[in-house]
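Chains as they are written, first to last, in my numbering: chain A, 407 to 704; chain B, 407 to 704.
Think of the hints as simulated: they come from the structure by calculation, not from any bench. Mixed in with the good hints there might be a few duds.
Sample of chain A residues with no beta-carbon within 12 Å of chain B, all distances over it, derived [said to hold, decoys possible]:
id, residue
1, Ser-418
2, Ile-441
3, Lys-469
4, Thr-476
5, Gln-529
6, Asn-548
7, Ala-561
8, Asp-567
9, Ala-600
10, Arg-681
11, Ala-697
To spell it out: a stretch of chain B is covered by chain A in this simulated footprint if at least three of its residues, at any positions, have a beta carbon under 8 Å from a beta carbon of chain A; those stretches are [claimed, not checked]:
id, segment
12, 560-573
13, 590-602
Quantities reported herein were computed from a predicted structural model and do not represent experimental measurements. From the three backbone atoms N, C-alpha and C, an ideal C-beta is built for every residue, glycine too.
2 protein chains.
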Amino acid sequence: MSTLTVPAQVPSVTEDCEQLRKAFEGWGTNEQLIISILAHRNAAQRKLIRQTYADTYGEDLLKSLDKELTNDFERVVMLWTLDPAERDAFLANEATKRWTSSNQVLMEIACTRSSKQLLEARQAYHARFKKSLEEDVGYHTNGDFRKLLLPLVTAYRYEGDEVNITLAKSEAKILHEKISNKAYNDEDLIRILATRSKAQINATLNQYKNVYGNDIDQDLEADPKDEYLDLLRATVQCLGTDEGALTRVVTTRAEVDLKVIKDEYQRRNSVPLDRAVVKDTSGDYEKMLLALLGHGDA
Amino acid sequence: MSTLTVPAQVPSVTEDCEQLRKAFEGWGTNEQLIISILAHRNAAQRKLIRQTYADTYGEDLLKSLDKELTNDFERVVMLWTLDPAERDAFLANEATKRWTSSNQVLMEIACTRSSKQLLEARQAYHARFKKSLEEDVGYHTNGDFRKLLLPLVTAYRYEGDEVNITLAKSEAKILHEKISNKAYNDEDLIRILATRSKAQINATLNQYKNVYGNDIDQDLEADPKDEYLDLLRATVQCLGTDEGALTRVVTTRAEVDLKVIKDEYQRRNSVPLDRAVVKDTSGDYEKMLLALLGHGDA
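Here chain A stands alone, though its shape is the one from the complex (with noise of 0.2 Å):
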């Protein structure tokens, strides 16, 4: 649920920029003002205000913003007028010049976006600094963190629902091995969540599981004196977490074929899609899911 609150009544586009440049205006800022009109904006609403506010005023609203505004008001200000791609880039960039903690910035960014969504992060990050994102990850990292988050940043991982079961054996099998040995900078292990598209990801975590018995981010132990260590299981947890899926998997393909879907669910997740269902989900949701799955009466 949003907890955004628009006004039932918004002003025009134009009104709104005139309100805000008028907050700008003469001795101090009406920080008020700016608040009542910016906090209740939706997305869409603010995008325009910024075009309108550049047409009429010949600046960019943030750069008013900045001028004006300071310390933690102008940041939560800002952040929220940006859209996301040039939020996301603007999060990065701060990452870049920070200490080590906002690696876990860095990391949620490439693996929490859709392969579109850290493109655009990216294309935002070459307009707003004039630079690369990668350039700046690479140049402010160095050794684990560097060989991890480098490619993690540049990924533009394929999203179809494809699986190779083979391919997932396997790979769950070097990263058994190279987790039983502590080799957690291991090459192969960082190539196969570096690049493999997420439901193989998910796919070779399952198989990991069935094959060794615990869940990967179990053997992956926690230790805070290891930093890379603690980065690298947030990193399998965001790229494992796949919370759409389920719903995305029964909606798309009920209608198609019930049975193929089954089975295809079984086979990648191994877990039979019901209990998947009974597990994850509640109320009038599950009870969806499992009509749509054959259970209870049509």
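Once you have looked at the hints, place chain B on chain A.
Just chain B, lined up with the frame of chain A:
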């Protein structure tokens, strides 16, 4: 100069498609007919033929060609019929299945295309092979080859003209140190080549020559036994060659501010612009550029 000859009177696209379909039908294939059409149509015409063929016969022309033709003839017709991004995807895929020398193909595609073209090749790779280019490159290569090729094929370089001379100096120093120590697989050396913009790499290579006396590829000595070193030298040559730069700089900025261009050109390339023009151009082209640079009569 293009060597393609297109007839003065090109048949309609429908007619071309009918003729192609006829060439595939019946006993045997009419290769001469296929050549007489496809070898004499430009890229836009071939693209239109593919679209119309698919709309009319419900099958991709490539698929028909694949079924009807064999060996080298199939390969040349198919590569010619593909659009540039698909062609790159196809060639890259082929390269990932072959011996080491095909790493050269991957490097060329990665380093000689624009950022947009490389991205389009990666997108075409998804569409055709149902996986990512970097997946296959990572899986196919290992050791130093992988260390160099993976970041090259995933690069999305910044393409602006901005150059940071301080950085060029410090990275020229890094390159010289690593090469002097024969550390050809060094992470920083690879990072510089794989992530910096071509303009920045050019500036770095010029600094290298100015400070250390040799062109960098003279220092990356040839060694027929060392395929990796050969690949690295070829990479540097591809990235360091920016043949369109001279024309681009002069024509796009001559009218803006002549003095600034000259200073900037010398700063970046460490060669006066006039001398670069005289060295690299001839005839009317040279005269034109020199005139724009303020030489000779108005």
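Evaluated hints:
1. Ser-418: Fine: 36 Å to the nearest Cβ keeps Ser-418(A) off the interface.
2. Ile-441: Per Cβ check, Ile-441(A) is outside 12 Å of chain B; nearest 35 Å; holds.
3. Lys-469: Holds: least Cβ distance 19 Å, greater than 12 Å.
4. Thr-476: holds, 28 Å
5. Gln-529: violated, 8 Å
6. Asn-548: It is violated; Asn-548(A) is separated from chain B by about 8 Å at its closest Cβ, not greater than 12 Å.
7. Ala-561: violated, 7 Å
8. Asp-567: Per Cβ check, Asp-567(A) is inside 12 Å of chain B; nearest 10 Å; violated.
9. Ala-600: Answer for Ala-600(A): violated, closest chain B Cβ roughly 8 Å.
10. Arg-681: holds, 28 Å
11. Ala-697: The claim holds: Ala-697(A) sits with its nearest Cβ about 32 Å from chain B, beyond 12 Å.
12. 560-573: holds (count 8)
13. 590-602: Per the Cβ count (5), the hint holds.
When each numbered hint is compared with the structure, violations occur for hints 5, 6, 7, 8 and 9.
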